[in-house]
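Each chain, letter by letter, is given below.
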Amino acid sequence: MPALQLIDVSKRYRSGDEDIVAVDHAALTLGDDEVLALVGPSGSGKTTLISIAGGLMTPTSGRVIVGEQDITDYSARELTRFRSEHIGFVFQTVNLVPFLTARENLLVVGELVASGRGRRQQAGARADQLLEELGLGHRGTNLPSELSGGERQRVAIGRALMNEPELVLFDEPTSALDTHLGEQVMELIRSEVKGRGTAAVIVTHDHRVTRYCDRVVSITDGRLADD
Amino acid sequence: MFLALREIRRTKARFILLAGAVGLLVFLILFVQALTGALIRQFIGAVDHQSGQVLVYGADARKNLEGSRVPPTTVERVAAVPGVAAAGPLGEGTFSVRIGGAARDATLFGYELGKPGAPTTLVDGRLPRADFEGVASDGNSAKGFRIGAVIHLDGGAHTIRVVGIARDANFSVLPTVFTTFTTYTQARLDANPGSRVVFPSAVAATVDPGVSPETARDRINQSVPGVQALTRAQAVAESPGVASVSESIGAVVLLCFFVVIVVSGLFFLILTVQKAPALTLLRAIGVKAGALVRALVAQATIVVLGGLVIGTALAWLALDAAGNGLGARVEAGSVVETGVLVLVLSLLASLGAARRVLRIDPVRATVPGGLEA
Amino acid sequence: MRNALRELRRRPQRFLAVTAALVVLTVLLLFLGGLLDGLFIGATGAFRAQRASLFVYSSDANDSVIRSRIPAELRAQVESVPGVRAVGGLGVSLLGARVPGQQDLADTAVIGYERRPAGVPATPPAGSAWADRRLEAFGVKLGQTLRLGPRGIPLRVRGWVSDTNYLLQGALWVAPTTWREVQNASRPDAQFAPGAFQALVVDTADDPATVARRIDDSTGGSTNTLTKDAAILASPGTRQQKSTFNGIIGVTFAVVGLVVALFFALLTIERVPIYGVLKALGTTTRRLVAGMLLQAVIVASVAFITGGLLTYGLTRLLPARIPLLLVESRAITTFAGLVLTAAIGGALSLRRIARIDPVTAIGTGT
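Chains as they are written, first to last, in this note's numbering: chain A, 1 to 227; chain B, 1001 to 1373; chain C, 2001 to 2366.
No wet-lab data here; the hints were simulated from the structure. Check each hint, because a few of them may be wrong.
What the hints assert, rightly or not - Here are the simulated DSSO-like cross-link-like pairs (lysine-lysine), alpha carbons at most 27 Å apart as the crow flies:
(1) C:K2242 x B:K1143
(2) B:K1012 x B:K1288
(3) B:K1063 x C:K2141
(4) C:K2228 x C:K2242
Bound-form chain A, shown alone:
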């Protein structure tokens, strides 16, 4: 079962008098542990595309299927719930809540999914396990301001994996990191994603990143093309 299917997806906006086509008849299928790089210049529609794939936005036309669920016609409330249970996000700039420790940042997602004391304890255990796996076992009680750039990125990745999503979306995961750190993070992403059978879409304009991906798709003026 594919992790993601975009079937003839388009997104159109009205801007003043003009009709802007941000995504133009996009078709994409992602296998359940496939790592996909999405490259394109600014304004190409990458943000819109992954917003639609991640259930942050509804397409104007076409269908969006994540895992087993067709989320095309979900209401905002249903999408919110869906994201908390099935999607992971690692954002480009703001990722972590500045006044929560690394562990608590992971639990933000954990608490969305788990209710009741038993489940919350489960979430806690999962958070500890993820931090351990990401090499942050000893940094769980540190605030983001006390962590290095690379460590912060790893916490974000841990949070993205907390709810055992079908799909994780990475927005420019290496843009704030130097080459060496960037490579480390990409290696981590690949091993985590593959190891858990989770699919990933990595938005990037850094071509070094594409080395770690199974497939590269480019987007220009809203249209997709395999690279």
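Given chain A's structure and the hints, the job is docking chains B and C onto it.
Okay, now just chains B and C, sitting in the frame of chain A:
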């Protein structure tokens, strides 16, 4: 100015909230001041607006005219004090009267014709020229106190005809009638048939040219036993009801000003901190620090002016709607004074924000992340 | 919700501004309430203490005890009205008293009474009085002899009572004969013959309003009888003070709402990026708003405690002339009002939070 106005226009909500808060506080300040002013006028306007520059109460009176009595000999003794130009008895009392067919309470002030104690704010008609004529305080025409009206004293034997109207001349929140001391004495005897002698409540005195009322007051206190002399202003301000009201309201107004300082000062500080990236950018591209501070001052001024308009309008409406029988009104002087104070205080309070603006280093625009909040 | 608490704990400086503003507003609210309560309690103690259902005044007195006059014959008529269980006379003289060793006169209300009010012992012997503790502020001590009025009528302080004052003047509870002596000596124009009082307090087992009507009817309209509550409210200035002060207090609460709305709006602006992220992760608007409301309530509570302590300290510095009294019930209602208006003010950010689009979390800067 351009920056200041643009920001206000684009982010109206927060400035409106601040103007609203300032406006309500200005409203409170103006409202309580108007009420206090009216209360004081209603309580003691008659004393404030009579011709005696010094009032001599009984020592036991505790600065309260109603509780004051002086022996008639006090009048000559006060008149004999150097610096006193003239002195006359002043009688004050609350009486049940009949006017326009209805029973009412009224205060009578009795003074000797030609001596101090006459009303000073005549706006219609004339002063009494004979006994059983009187000048009534304004604002009581609905109760029948008009020129030509006849006031029936208790006991039914005597009447007072209203020949003049004086502004802001109430006493004890009652319609007040200035009449001759003889008329006043008669009213007392009518109300208390058992009484034999009527003492004046106080002595009203005027001072010689070149002598201040304070000097005359002090001399009277030194040379006349059993009395407490006060200047007219003192008699008003230190009258027991007035003093505690003024002080209490003064404290309330002070607290309101304090809230204005805290709220507007902190608001502009927070706003400046939030805008720091934008301000850094502006400085980097060449906008002078002074211009940014001027923009801040402009915003503070606009907000205060907005609040002042809101507050004044609300105060005016509230006093109007309260149908207030006290005659409370928003005085232009009060508005200007409050406005100036609020503006000055708000500007002082935004000094913190101004300092922050001046500390911005335009170099930070070139540093990675320097333009982020 | 827990994260909202964590933010409060770990980033307290963010909330400093709104807390500071609310502290000052709390002081203002407690001050206003304290003034109102002080004025009311200090003006009406003598009446509230009466163990009677009705107060009888002469009809020309305008419901003022000082202006009223009930001669003995009128009292006899009242006593014979069916339903009247007991009648007591009441007379009040507002006078200055010379206190030994003190320069300033004390403001007193010399009250002649027959029926014991709550908290006041039976009428003392002639020439002595039960003094309200309010007079301690004027230097009055137990056993002292005060000199009342212009003639200096002596009155010995026999014991203390509390909360029995009239029109903010310290009460001196005396036997009727003593009262008449003091009144007649001080007010030559308002003499009272033996048996005459200014007002009567009436005890009844029947419905007070009915008995009141009966009394006034039977005296042919010479009396105006009020229930105890009406008599208390009729005390000079009471009604106007209440409505004025309550109006001012209401406006102050509105300021609280606006100030909280303002500062929480600023806080929300700061949090937009992180709210965007949280929403993208699946946090609902409801959760975010609930967390924010919790913060508003906690901030208001902390401000109340701080403001309350400050106000208490301030009252110690105020001159005795300012009739401020901090009363428990006022503190409770102020707290409740503060928390409620703070929550409402915070809730005004609801729309802004709802409008935050989770999409904004993605791709900032490029």
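Evaluation of the provided hints:
A threshold of 27 Å between alpha carbons decides the hint, and for K2242 (chain C) with K1143 (chain B) the separation of about 25 Å falls inside it, so the pair holds. Between K1012 (chain B) and K1288 (chain B) the alpha-carbon distance is near 25 Å, which keeps this suggested pair within the 27 Å criterion. Pair hint K1063 (chain B) plus K2141 (chain C) holds up; C-alpha atoms about 24 Å apart against a cutoff of 27 Å. With a C-alpha separation of about 17 Å, the suggested pairing of K2228 (chain C) with K2242 (chain C) holds against the 27 Å cut-off.
Every hint from the earlier list agrees with this structure, and none is contradicted.
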